[in-house]
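One-letter residues, chain by chain:
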Amino acid sequence: MKVFRSTLVWPLVALVVLLVFNAVASPGFFHVEWKDGRLFGTVVDIFNQGARVPMLLALGMTLVIATGGVDLSVGSIMAVSGAVAAMQVNAGAPMVQAVGAGLGLATLLGLVNGVLIARVGLQPIIATLVMMVAGRGLAMLLTGSQMVPFANRSLTWLANGSVGGLPVPVVLVLGLAVVTGWVLRRTAAGLFIEATGDNEKASRLAGIQTGGVRLAVYGFSGFCAGLSGVLEAANISAADPARIGDTRELDAIFAVVAGGTALTGGRFSLAGSVVGALLLQTLTLTLYNQNVAPAVAPVPKAVVILAVCLLHSPRLRARFGKRTQPVAA
Amino acid sequence: MSELLHAEGIVKRFGSFTALKGVTFRLRAGEIHALMGENGAGKSTLIKVLTGVHEADGGTVTVAGRGIRAASPREAEAAGISTVYQEVNLLPNLSVAENILMGRQPMRGPFIRHGEVKRRARAALARLGLEVDVGALLGTFPVAVQQMTAIARALDQEARVLILDEPTSSLDARESEELFAVMRRLRDEGMGIVFVSHFLDQIYAVSDRITVLRDGALVGTWEAAGLPRLELVSHMIGKEVTAGGGDGGVISVGGAEAFRVEGLERKGTVGPLTFSVMAGEATGLAGLLGSGRTETARMLFGIDAATGGRVTAGAEAVDLGSPRAAMAAGLAFCSEDRKVEGIIPSLSVRENIVLAMQASRGVLRRVPRAEQEALAARFIAALNIRTRGPETPIGTLSGGNQQKCLLARWMAMQPRLLILDEPTRGIDVGAKAEIEALCGELRRAGMSILFISAELEEVVRNCSRVVVLRDRRQAAVLDGPAISLRTIMETVAAS
Chain H
1 MKVFRSTLVW
11 PLVALVVLLV
21 FNAVASPGFF
31 HVEWKDGRLF
41 GTVVDIFNQG
51 ARVPMLLALG
61 MTLVIATGGV
71 DLSVGSIMAV
81 SGAVAAMQVN
91 AGAPMVQAVG
101 AGLGLATLLG
111 LVNGVLIARV
121 GLQPIIATLV
131 MMVAGRGLAM
141 LLTGSQMVPF
151 ANRSLTWLAN
161 GSVGGLPVPV
171 VLVLGLAVVT
181 GWVLRRTAAG
191 LFIEATGDNE
201 KASRLAGIQT
211 GGVRLAVYGF
221 SGFCAGLSGV
231 LEAANISAAD
241 PARIGDTREL
251 DAIFAVVAGG
261 TALTGGRFSL
271 AGSVVGALLL
281 QTLTLTLYNQ
291 NVAPAVAPVP
301 KAVVILAVCL
311 LHSPRLRARF
321 GKRTQPVAA
Chain P
1 MSELLHAEGI
11 VKRFGSFTAL
21 KGVTFRLRAG
31 EIHALMGENG
41 AGKSTLIKVL
51 TGVHEADGGT
61 VTVAGRGIRA
71 ASPREAEAAG
81 ISTVYQEVNL
91 LPNLSVAENI
101 LMGRQPMRGP
111 FIRHGEVKRR
121 ARAALARLGL
131 EVDVGALLGT
141 FPVAVQQMTA
151 IARALDQEAR
161 VLILDEPTSS
171 LDARESEELF
181 AVMRRLRDEG
191 MGIVFVSHFL
201 DQIYAVSDRI
211 TVLRDGALVG
221 TWEAAGLPRL
231 ELVSHMIGKE
241 VTAGGGDGGV
251 ISVGGAEAFR
261 VEGLERKGTV
271 GPLTFSVMAG
281 EATGLAGLLG
291 SGRTETARML
301 FGIDAATGGR
311 VTAGAEAVDL
321 GSPRAAMAAG
331 LAFCSEDRKV
341 EGIIPSLSVR
351 ENIVLAMQAS
361 RGVLRRVPRA
371 EQEALAARFI
381 AALNIRTRGP
391 ETPIGTLSGG
401 NQQKCLLARW
411 MAMQPRLLIL
421 DEPTRGIDVG
431 AKAEIEALCG
441 ELRRAGMSIL
451 FISAELEEVV
461 RNCSRVVVLR
471 DRRQAAVLDG
481 PAISLRTIME
491 TVAAS
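Residue numbers (my numbering), protein chains in the order written: chain H, 1 to 329; chain P, 1 to 495.
Please keep in mind that the hints were generated in silico from the structure rather than gathered at the bench.
Note that the coordinates shown come from a computational prediction; the quantities given were computed from them, not determined experimentally.
A hint or two may mislead.
What the hints assert, rightly or not - With a Cα cut of at most 20 Å, we get these calculated EDC-like pairs of lysine to aspartate or glutamate:
hint, chain 1, residue 1, chain 2, residue 2
1, H, K201, P, E490
2, P, K239, P, E490
3, P, K339, H, E200
4, H, K35, H, D45
Let the hints inform the model, and build the full structure from the sequences given.
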């Protein structure tokens with residue numbers, strides 16, 4: 001029964017259950033067709049939309065949460081970077097420069113979070129709450145509170161184009177996830193992040209620069225949010241400073257927690273967060289397909305979230321096997 | 001003299017651990033009574049039982065002949081027992097007057113009578129000879145005034161028993177003297193005062209009687225004037241002054257000087273200290289609880305910054321700016337607080353062992369997995385660490401095995417000086433012997449060890465030189481043949 005003690009198994013089980021439900025309830029759910037040199041279908045949509053926001057935000061959020069913190073500002077940082085990229089292309093800048101400016105500013109805002117937390121000593125929830133409010137305000141200020149439409153085919157391609165038949169965001173985000181995971185395990189960064197989140201004092205006494213670790217994860221979270229904001233703007237060829245990323249930080253936190261990374265910090269699972277993000281997106285789409293009104297959709301969503309979190313509790317999991325000792329995946 | 005407080009046969013258990021094993025304590029009216037004991041003696045537990053923080057599992061408490069069963073601090077206060085803790089537990093954002101009257105404000109209908117609050121606060125402070133603006137926020141005053149406020153609060157509720165738990169630990173000498181003057185005045189007014197302090201000088205300066213606890217049991221109560229310091233120390237640590245065992249320390253191997261500590265101090269905490277650490281030898285740090293042992297270690301490892309003095313290795317000055325800097329200079333530090341400052345509980349034994357080595361290499365030069373596994377396997381075998389495997393979370397291991405993992409973490413660094421702060425605390429006898437044997441091996445391999453332990457016999461057994469601390473200052477450095485339980489205790493007790 002070792003498989004039931006892995007952190008990855010429960011979000012996967014929930015995802016499979018949801019997919020089976022969809023296969024029965026909405027015929028054609030798994031129908032995928034090849035048209036104009038790319039794949040189309042509901043499942044492809046789930047991956048595409050899931051990659052663009054929850055998965056991308058969850059990458060950064062996983063590392064932040066692993067250090068025992070939280071980043072509430074990712075939604076607002078999305079709005080800032082989307083606005084900056086849109087205004088840059090409107091000013092005639094090439095796509096790469098526009099995206100670079102958006103990502104650069106987003107990373108900078110993430111690092112500001114890191115400085116407030118690691119150097120000034122603010123609680124992560126406070127520091128990033130400040131940035132959540134200030135970031136949204138900054139996006140409004142930059143755009144004059146107006147939607148910024150743009151017509152730039154290469155920027156739009158980032159969200160709507162395809163590479164080898166797959167949507168660009170899927171390739172981009174899964175690629176980023178794989179590279180991130182590889183770097184974290186090939187260097188000692190993963191170990192340092194887990195050690196810092198599990199016992200910061202002891203980590204510092206063992207010689208780890210815990211301040212630098214925290215600074216880096218908030219910077220990375222800002223970067224991920226920035227990319228997500230650019231993709232959101234590119235998707236509709238417009239940056240809406242009021243709506244891009246609104247409350248999406250909660251989606252990211254859910255994806256991370258559902259994926260088996262504890263809010264108390266320590267051990268983390270990037271793969272778990274990716275599955276958690278897919279679960280969230282599938283759930284959203286399922287509710288939409290079943291004609292659940294958007295206003296009441298959060299209720300069934302909350303039930304599923306609660307169920308997955310309970311499955312992660314060691315006490316509850318103990319009932320599935322005789323051994324209660326949790327083992328790291 | 002009338003008996004004010006009488007605690008008889010107090011028993012307090014926490015789970016399977018018995019913190020107080022039938023302790024009897026008597027306090028007279030008009031006396032200052034010192035309560036003494038080392039770590040784990042049961043002082044704090046006894047105070048918490050008297051003040052209603054803990055409920056006793058057995059025994060009786062009477063105040064002025066009337067039995068009380070204080071189930072909460074409020075009930076204890078109502079019975080006339082007031083406590084002033086080391087960390088003043090008042091409310092810094094309220095005024096001095098509000099703090100003194102908190103919970104007992106004179107009311108008119110639903111309204112607080114602020115004038116009356118101030119009048120009574122001033123009256124209470126006047127009895128202590130203190131005149132301050134009682135309307136000002138408490139947090140704006142120095143700790144000494146805050147402490148007086150806490151005492152004034154006790155006076156206002158007509159406390160007959162006042163417990164002062166390490167009241168002088170954050171006061172300077174002059175402030176301490178003022179506090180003692182107040183204590184004497186209150187004693188002369190008939191109050192019974194329980195005084196807890198780690199400073200022998202202060203104990204003898206104000207106390208009338210002294211009660212010593214050890215391992216949760218009463219050792220005895222004596223008139224302060226009739227109890228020589230040396231005898232007091234021997235009662236506290238539970239060793240006969242005449243004990244001959246383990247005398248002489250470890251014979252010096254005559255190694256070269258590895259580190260020299262010169263006038264190192266942290267103002268208000270510990271020092272100045274001057275001693276040498278020889279290669280291949282263990283240097284002990286001995287002294288009573290609160291004498292500055294751990295503070296010295298923390299200063300040497302760059303955790304708390306030194307305000308003066310220096311450490312040199314040969315001709316080079318050692319940078320003690322941070323733990324990382326100290327590590328780079330060849331220092332390693334095993335904290336006494338294994339849980340808070342040592343283990344990373346949910347990481348594996350392997351990861352815990354490689355952590356310091358990895359940190360010193362930096363984030364990019366990862367120790368290859370195969371090397372990590374070889375390292376973990378080597379130390380698990382060499383130190384006889386009992387674990388299901390190298391991938392078991394360290395938090396699930398026993399205390400002794402956790403300690404061995406932490407030793408492995410620092411041994412892997414091959415430091416020149418290993419600072420061991422209470423390496424054998426809270427672990428079983430077998431593991432203790434293993435850790436001592438290990439220290440011997442490390443010494444023979446040429447490593448220097450700074451050995452800190454409350455158990456003097458351990459210090460005598462392992463060290464070739466002992467720095468004795470008293471009241472956070474260096475009292476003496478004992479060498480080779482001069483090291484014995486007796487000489488250490490005499491140095492600790494000297495005035």
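Query raised in the report: Would the pair K35/H and D45/H pass a check requiring their Cα atoms to be no farther apart than 20 Å?
Result: Given pair K35/H, D45/H holds - Cα atoms ~14 Å apart, limit 20 Å.
**Report entry** Restraint status (C-alpha distance of K339/P to E200/H at most 20 Å)
**Finding:** Distance of about 12 Å is within 20 Å: holds.
Query raised in the report: Is the straight-line distance between the alpha-carbon of K201/H and that of E490/P 20 Å or less?
Result: Measuring from Cα to Cα gives roughly 37 Å; hence the hint is violated.
Query raised in the report: Within 20 Å, alpha carbon to alpha carbon, are K239/P and E490/P?
Result: Holds, because 12 Å separates the two Cα atoms, which is no more than 20 Å.
Of the numbered hints given earlier, the model fails hint 1 alone.
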